[in-house]
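Same order as they appear, the protein sequences are chains V and L.
According to my numbering, the first sequence is numbered sequentially starting from 1.
According to my numbering, the second sequence is numbered sequentially starting from 192.
Hints are not guaranteed to be accurate.
Pulled from the structure, derived: some chain L residues nowhere near chain V, Cβ distances all over 10 angstroms [said to hold, decoys possible]: (1) 456; (2) 489; (3) 491; (4) 495; (5) 533; (6) 561; (7) 573; (8) 587; (9) 590; (10) 595.
Taking CB as the label site, the calculated pair distances span [said to hold, decoys possible]: (11) 255(L) x 130(V): 48 to 58 angstroms; (12) 252(L) x 39(V): 19 to 29 angstroms; (13) 560(L) x 136(V): 21 to 31 angstroms.
Since the hints were made in silico from the structure, they are not lab data.
Beta carbons are placed, not taken as given, at the ideal position from N, Cα and C, and that holds for glycine.
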Amino acid sequence: MTFRPLVLAIALLALASCAIYTATPPGRVKVQALTIDAPRPWNKWAQNQISDTTEIWTSEGLDLDFLGLTGGLADGQTIFKARPNTEPPRFRKDFDFVQVAELFEYSLTNLTSSPVINVSDLQPATFAGRPGFRFRYAFTPRDELVRNGIASGAVVDGKLYLIFFHGSRVYHFDKYREEVERIMASATITP
Amino acid sequence: MNLSRRHFLGGLCACGSTTLMGCIATGDQLSKPVTSTGALEAEPPVGYRPPAGSSEASLWFSSDRIEAQLKRSQFVVRDPVLNDYVTDLACRLGGDHCRDMRVYVTRQPVFNAGMLPNGAMTVNTGLLLRAENEAEVAAVIGHEIGHYLRRHSLYRHQAMLNSLGPSLVFAVAFGALGVPAGGDLANLAIIASQFAYSREHEREADRYGQQLMARNGYELQAAEQMWRHLIAEVAAMPGEGSRGIVFATHPDPENRIAELAARRPSFAVSVSTAGRDRFLAATRGARLWMVRDEVRKRTPGPTLVLFDRLLRGEPANPVLLFGKGEVHRLRDAEGDAATAATAFTQAVAAPDAPPIAWRSFGFLEQRRQNYAAAAAHFRAYLDREQEAEDRTLLEGFIRNGGKPA
């Protein structure tokens with residue numbers, strides 16, 4: 001009986017990890033000031049518990065493939081919510097794309113607690129018809145399933161617009177990469 | 192595992208994993224004190240395996256499964272120099288029990304170590320980064336061996352079996368070790384801290400640690416020193432949330448230091464060493480990535496306390512100077528850019544400076560709009576790092592006179 005509160009805590013943890021999804025409508029989808037073309041429905045994480053600023057979609061489950069859509073991160077905001085007793089990196093409106101890539105790397109570190117994260121191949125690229133950037137990333141979280149990822153975005157009028165996707169290196173990243181590239185290429189910004 | 196105060200100090204009692212430690216020992220056996228003059232009492236015999244069918248045997252079976260996961264884990268460091276060094280140190284401390292122990296250095300930038308009842312020991316890289324000498328590492332490993340030899344986890348194991356059932360005991364043990372299992376058990380690490388060793392067991396493990404250090408000629412003050420280091424880091428952490436929990440389940444750190452110091456004279460050590468040179472030589476090759484892992488945690492307060500402390504002992508160490516500069520560069524609060532520039536300047540002046548220090552210095556100067564300096568630093572980086580992943584990007588910056596493209 002001593003541990004009844006503990007058992008309850010474990011049950012709550014299990015419940016908290018449940019994800020509830022809603023299907024996105026096929027076609028043009030608006031995420032705040034970011035609009036993309038997603039011809040088929042994705043599963044939007046309706047009870048997104050890790051971010052107030054980024055919509056999270058998946059095809060087969062968040063542990064396998066993870067699409068993030070940030071439709072205008074304002075000065076001082078974070079990509080993901082802060083973990084307890086930590087200070088997540090915050091976006092600043094004057095960030096250049098090197099700083100955005102660092103922001104992303106450390107945001108993901110803060111989210112996943114992974115000691116093994118690598119951002120690479122950062123380069124200037126057009127995003128939504130504007131000067132932007134793209135980069136690749138990879139990380140190994142505690143489940144030890146290695147994820148590969150790609151990201152593309154731009155800072156427009158002091159706000160960060162970002163699309164990032166990662167999936168398991170063994171299968172899901174390659175499976176959805178081309179589709180995600182098309183989604184990235186379809187992005188438009190209407191601030 | 193994230194660096195909350197609870198986890199951080201939870202690591203001080205190390206051992207977090209071991210609800211699994213268990214045996215058939217009675218309370219009387221476990222209450223025997225360590226003698227101040229020599230032999231440790233009530234140790235299991237060398238080569239011990241629990242009798243088949245006993246509850247302890249099931250505990251060992253679970254431990255063996257965890258260890259099998261550990262062997263495959265991507266977070267186990269394969270660096271032979273580091274592994275040989277830590278294994279040799281644990282072996283010397285363990286004496287005849289060396290043959291019963293296996294050491295796994297785990298890539299976790301958090302202070303922690305642990306030991307399973309079957310003799311599998313984990314030593315986090317966060318511990319190795321924080322130590323200043325071999326004696327400090329010996330203090331923690333000796334403490335862990337104390338838990339192991341006294342089989343302290345029996346009590347926790349039995350208490351949890353009575354309350355929760357074996358499957359959960361197993362799950363908590365996984366989570367506490369930081370070892371991914373067949374499911375997301377990371378959250379259970381938090382719960383595991385509720386099953387920390389009793390204060391008396393912590394004290395007994397401390398005594399064992401001191402005894403094993405004395406036997407091997409280490410400076411006993413190192414155990415107290417390690418605590419002081421960690422208290423200073425915890426004080427620099429944001430938030431106050433976990434401090435009470437830690438102190439509720441473990442001896443107060445200040446009292447612990449006082450007890451260690453009070454007991455110290457009872458251990459006769461004719462010649463003592465900190466083993467500083469040995470330690471620095473063994474960890475030199477891993478220092479850069481351990482520093483980068485620490486920086487990546489983005490806990491600038493405690494991380495700067497750590498780097499500044501280490502720099503007091505090694506003021507010209509380019510890896511530590513790079514780390515300090517990087518923390519300031521990334522925090523980018525008022526005054527940070529100037530402090531970062533000073534640290535990077537000192538770092539790149541060293542003949543054995545890590546190439547990445549030039550890269551970071553370049554980004555800093557680019558940010559400060561010192562474009563010519565930025566271009567020069569990027570060039571210096573690329574000249575030294577032939578395999579630079581971002582060569583195309585940086586060459587573009589250089590062609591642009593150091594300005595962002």
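> Closest CB-CB distance from residue 590(L) to chain V, is it above 10 angstroms?
Replying inline: Nearest chain V Cβ is 12 angstroms from residue 590(L), so the label holds.
> Given a hinted range of 48 to 58 angstroms, is it respected by the beta-carbon distance of residue 255(L) and residue 130(V)?
Replying inline: holds, 57 angstroms
>> Minimum C-beta separation from residue 533(L) to chain V exceeding 10 angstroms: can you confirm that?
In response: holds, 21 angstroms
> Taking C-beta pairs only, is residue 495(L) more than 10 angstroms away from all of chain V?
Replying inline: At roughly 13 angstroms from the nearest Cβ of chain V, residue 495(L) sits farther out than 10 angstroms, so the non-interface label holds.
> In this structure, is the beta-carbon distance linking residue 252(L) and residue 39(V) contained in 19 to 29 angstroms?
Replying inline: violated, 52 angstroms
> For residue 456(L), which was marked as not at the interface, is the minimum beta-carbon distance to chain V over 10 angstroms?
Replying inline: holds, 38 angstroms
> Given a hinted range of 21 to 31 angstroms, is it respected by the beta-carbon distance of residue 560(L) and residue 136(V)?
Replying inline: holds, 28 angstroms
>> Using Cβ atoms and 10 angstroms as the threshold, tell me whether residue 573(L) really stays out of contact range of chain V.
In response: holds, 15 angstroms
> Against chain V, does residue 587(L) keep a CB gap of more than 10 angstroms to every residue?
Replying inline: Residue 587(L) not clear of chain V: closest Cβ-Cβ about 7 angstroms, inside 10 angstroms.
>> Confirm or reject: residue 489(L) is not an interface residue toward chain V, with every Cβ-Cβ distance exceeding 10 angstroms.
In response: Residue 489(L) is in fact no farther than 10 angstroms from some Cβ atom of chain V, at 5 angstroms.
> Just checking, residue 491(L) versus chain V, shortest CB gap more than 10 angstroms?
Replying inline: violated, 8 angstroms
> Taking 10 angstroms as the cut and beta carbons as the points, is residue 595(L) off the interface with chain V?
Replying inline: Violated, because the least Cβ-Cβ distance between residue 595(L) and chain V comes to about 5 angstroms, which does not exceed 10 angstroms.
Violated hints for the displayed structure, listed by number in ascending order: 2, 3, 8, 10, 12.
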